[in-house]
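Once you've looked at the hints, dock chain B against the given chain A.
Chains as they are written, first to last, in the UniProt record's numbering: chain A, 1 to 492; chain B, 1 to 492.
One should not assume that every hint holds.
No copy labels: a pair is met if it fits in one copy or bridges any two.
Unchecked claim - Here are the simulated SDA-like pairs of lysine to any residue, each with C-alpha atoms no more than 20 Å apart in a straight line:
#1 Lys51 x Ala412
#2 Lys482 x Ser56
#3 Lys482 x Glu363
#4 Lys482 x Glu308
#5 Lys482 x Ser452
#6 Lys35 x Ala242
#7 Lys51 x Thr191
#8 Lys482 x Val396
#9 Lys35 x Glu374
#10 Lys51 x Arg405
#11 Lys482 x Ser62
Read the hints as simulated data drawn from the structure, not as lab findings.
Computed from a predicted model, the values in this text were never measured in an experiment.
2 protein chains.
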Amino acid sequence: MTDPFVVIGGDAAGLSAASKLKRERPDRDVIVFEKGTWVSYAQCGMPYYVKGEVDSLRDLLSLTPEAVADRGIDLRRRHEVVGVNVADRTVTVEGESGRFERPYGDLLVATGAHAVADPIAGSDLTGAFTIHSMDAAAALRAFLTPPSESDGGGDGDGGDGGDDGGRTAIPDVEYVDAERVERYAAMEPPTSAAIVGGGYVGVEMAEALSAHDLDVHLFQRPDRLLPEFGDAVGETVAATLADHDVDVRTGTEVERLAGTDRVEAVVTADERVPVDLALIGIGVRPNAGIVDGTPIERGASGAIATDEYGRTTADRVFAAGDCAEMRHAVTGEPDWVPLGLTANRAGRAIGNTVAGTPTPVGEIAGTAAVKAFEQECGRTGIIDHGRAREAGFDPVSETVTAGSRSGYYPGAAETTVTLTADRETGRLLGGSIVGTDRAAIRIDTLATALESDLTVPELERLDLAYAPPFSPVWDPVLVAAKVLNGRLPDAE
Amino acid sequence: MTDPFVVIGGDAAGLSAASKLKRERPDRDVIVFEKGTWVSYAQCGMPYYVKGEVDSLRDLLSLTPEAVADRGIDLRRRHEVVGVNVADRTVTVEGESGRFERPYGDLLVATGAHAVADPIAGSDLTGAFTIHSMDAAAALRAFLTPPSESDGGGDGDGGDGGDDGGRTAIPDVEYVDAERVERYAAMEPPTSAAIVGGGYVGVEMAEALSAHDLDVHLFQRPDRLLPEFGDAVGETVAATLADHDVDVRTGTEVERLAGTDRVEAVVTADERVPVDLALIGIGVRPNAGIVDGTPIERGASGAIATDEYGRTTADRVFAAGDCAEMRHAVTGEPDWVPLGLTANRAGRAIGNTVAGTPTPVGEIAGTAAVKAFEQECGRTGIIDHGRAREAGFDPVSETVTAGSRSGYYPGAAETTVTLTADRETGRLLGGSIVGTDRAAIRIDTLATALESDLTVPELERLDLAYAPPFSPVWDPVLVAAKVLNGRLPDAE
Chain A
1 MTDPFVVIGG DAAGLSAASK LKRERPDRDV IVFEKGTWVS YAQCGMPYYV KGEVDSLRDL
61 LSLTPEAVAD RGIDLRRRHE VVGVNVADRT VTVEGESGRF ERPYGDLLVA TGAHAVADPI
121 AGSDLTGAFT IHSMDAAAAL RAFLTPPSES DGGGDGDGGD GGDDGGRTAI PDVEYVDAER
181 VERYAAMEPP TSAAIVGGGY VGVEMAEALS AHDLDVHLFQ RPDRLLPEFG DAVGETVAAT
241 LADHDVDVRT GTEVERLAGT DRVEAVVTAD ERVPVDLALI GIGVRPNAGI VDGTPIERGA
301 SGAIATDEYG RTTADRVFAA GDCAEMRHAV TGEPDWVPLG LTANRAGRAI GNTVAGTPTP
361 VGEIAGTAAV KAFEQECGRT GIIDHGRARE AGFDPVSETV TAGSRSGYYP GAAETTVTLT
421 ADRETGRLLG GSIVGTDRAA IRIDTLATAL ESDLTVPELE RLDLAYAPPF SPVWDPVLVA
481 AKVLNGRLPD AE
Chain B
1 MTDPFVVIGG DAAGLSAASK LKRERPDRDV IVFEKGTWVS YAQCGMPYYV KGEVDSLRDL
61 LSLTPEAVAD RGIDLRRRHE VVGVNVADRT VTVEGESGRF ERPYGDLLVA TGAHAVADPI
121 AGSDLTGAFT IHSMDAAAAL RAFLTPPSES DGGGDGDGGD GGDDGGRTAI PDVEYVDAER
181 VERYAAMEPP TSAAIVGGGY VGVEMAEALS AHDLDVHLFQ RPDRLLPEFG DAVGETVAAT
241 LADHDVDVRT GTEVERLAGT DRVEAVVTAD ERVPVDLALI GIGVRPNAGI VDGTPIERGA
301 SGAIATDEYG RTTADRVFAA GDCAEMRHAV TGEPDWVPLG LTANRAGRAI GNTVAGTPTP
361 VGEIAGTAAV KAFEQECGRT GIIDHGRARE AGFDPVSETV TAGSRSGYYP GAAETTVTLT
421 ADRETGRLLG GSIVGTDRAA IRIDTLATAL ESDLTVPELE RLDLAYAPPF SPVWDPVLVA
481 AKVLNGRLPD AE
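Looking at chain A on its own, in the form it has when it is part of the complex (with noise of 0.2 Å):
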């Protein structure tokens, strides 16, 4: 084995890159090493698996470990790589057989992310979850699932079916951590839950757990919902998870879980608010602590630093995914979004360059969607002042609503955009949007127009798509637009 490409996380970017090697140079080893059993799975799926929508954890699954060797990939699961030393271009390895050492040709850090839960005591509790892992999640909807329901009735037409029989079959792979999910398949379902934290995981979860009929209870530190999404999103969110009797309490911060074995209470400083459920969603941290003490620098974010061709400050080590960071297109600075396109743009990438041909990584736009209920919610670039002016630019927002539709055509629905710019320059900075009806989808006309620098009178003299059934005359986007331009110094 000659000049091997060794990855360390078996993900979005870890395996991207290495199905793209493998694609363009068959003859090149490449060998995956993944500390836990999952690989390539859609977190961003998990919400919608705990909900129910989802049938099978298997349909999470974008290959599964008997694809990844088919195509000629050396998967190795449940091997930790505890270090790189980039001296002598070699990992320590720690697997089930011990410790080893292993050659690299060109090594790329794929380590992913971790759910952040110690700030909150009482996260340890029995019935206190983090929505970060497979595991995670069959747990959860073990837990969730009344026995009644798990042996072959209310799950759906049960997927491969077979091995549907009882309550702790739910979780349908082999490796998932069986131990757990009986664990919590054997406990009374929970009546009621707290989640601590309203990003787009807490707003996700809260549709997730009220589908089960549980009282949910969305504890946000700060004012907003949705934060990321600027306060027009964050508001409509907020009324419409009301509407469907989730009790939302912003600017409410949870000091600790209360229980002695499980969870029993959420403690806020003025209240304590019984439930037997917790989900923990208050943001993720870069799994990068296996660089230090390296030459593999880390960026201010804490992730690790990289180039336009996702290339670490080590030769021939590459980062990418959610431990990496990428440039903004906005700042032009780099930056920390963990999203799920950005993993697997950067790993193909980096397959594509070790493959011999460069290929840059892109550049990141912090775009996002999410679904709340009805509403669909997208943002992209940036739309906090705060930021903006961190960043040199002196912004300029503006918030409208109008019509989906034309007026006349059924189903037109409320769509609120808000608009960020630079007030000398007219640039687009950023933007988000709100609504029932194909909202969120618009926002890749702002992501595109971002990033391609246009500025705000450009973006109004778009040509856009008008047709009755799926945009007026003047898409939302537009009209906001429109708006935004007549605060600009210059406004035509």
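Only chain B this time, still in chain A's reference frame:
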């Protein structure tokens, strides 16, 4: 009255310009001459009025004549401008009280377009329609509505109610052509229809007429429906129309409509198909004859030539909307693509320019969307290779079908994207999309990309939104870019 702004034509372009100028410069006199009775109506909504999804013709009015007057605009309906004298800066007008001259300070020609029907012999028979005027839409709906449904029953919740008491009252606007409507209302409703032309009017009307349980035969001379949308869209739409029992006959030229007074049949080279309604949707032509014999020049398309501010070749004379050429975003050359947003945008910009703030009218990309039953279709830019070569490009295209959402998320639908690029530079030239799940609105991403001169590799690297309910990790647009990128000489 000094230095008046005179507008010829009271629809989208004309009234947008008039309104914008009046808002910016309330002191300026603004006169709009409209030869008909209708102003500011949503032509794109007519198929949905005929279908019955839109209750009232009134719903299609963006502005009533009264609302126009409230803006301080001197609107003269039933006044036709029959001559323009640019040397004297006057127009010659024919109104009910005779012919008169009127001076202008600035002039806007916004005379629109007309539906072509002449090439089809028999287009003047009773029962033959084009769907390019409100009176025609009113007459057609009266014809389609059985007497039993017209007095309050099957017509939705009746909109304004009031005058909803009989079949002739369906078109509830006082200045509708009542004689024509009543004539059709008195006739036996049709049971079968021929649609001549398979462009967007033909496709929308196939859906509209099917809703009235007619046997619908659609005749299209080219081999594909919606030729401007490319082959993939055309094929999908033809299959969908067939699924809905529309008899689709592509590659079939209609020789004439047969009948003595009323339409009785459609005659092709091979066949005579009995029908009692014919809808002709074979295209439109600009109403530009008014400028012949003046220094105001027409372009190669026959529409009025304009510059980036909508100025014609005569001093202080502008043209906008369906009668005017615009610059194409991809070719940089003058082109004629009569669409609603273009008219509104150009009119508004001209109003601003006349008010003293020079404002570009913007470019056109030919972005359009159309609904064909459950299919949502979009197109932008240059898809056709012959057209691309004429413009000096070396075109290469790919068509891919990908999911609209994560595969595991309910409701994911096949979405087919075609992209055309220039082989050497990789520049995106155009694209189309078709699918049932939020497909059409995705065309705006492509429109924004090509108006920003993005290359296909740049498109592939865009940071678009990913959330399982709305888009897979790689949106269909990105999948298409990836595949097309692989065909480019400098493929990454």
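- Message: Tell me the numbers of any earlier hints that the structure contravenes, in ascending order.
- Response: 2, 6, 9
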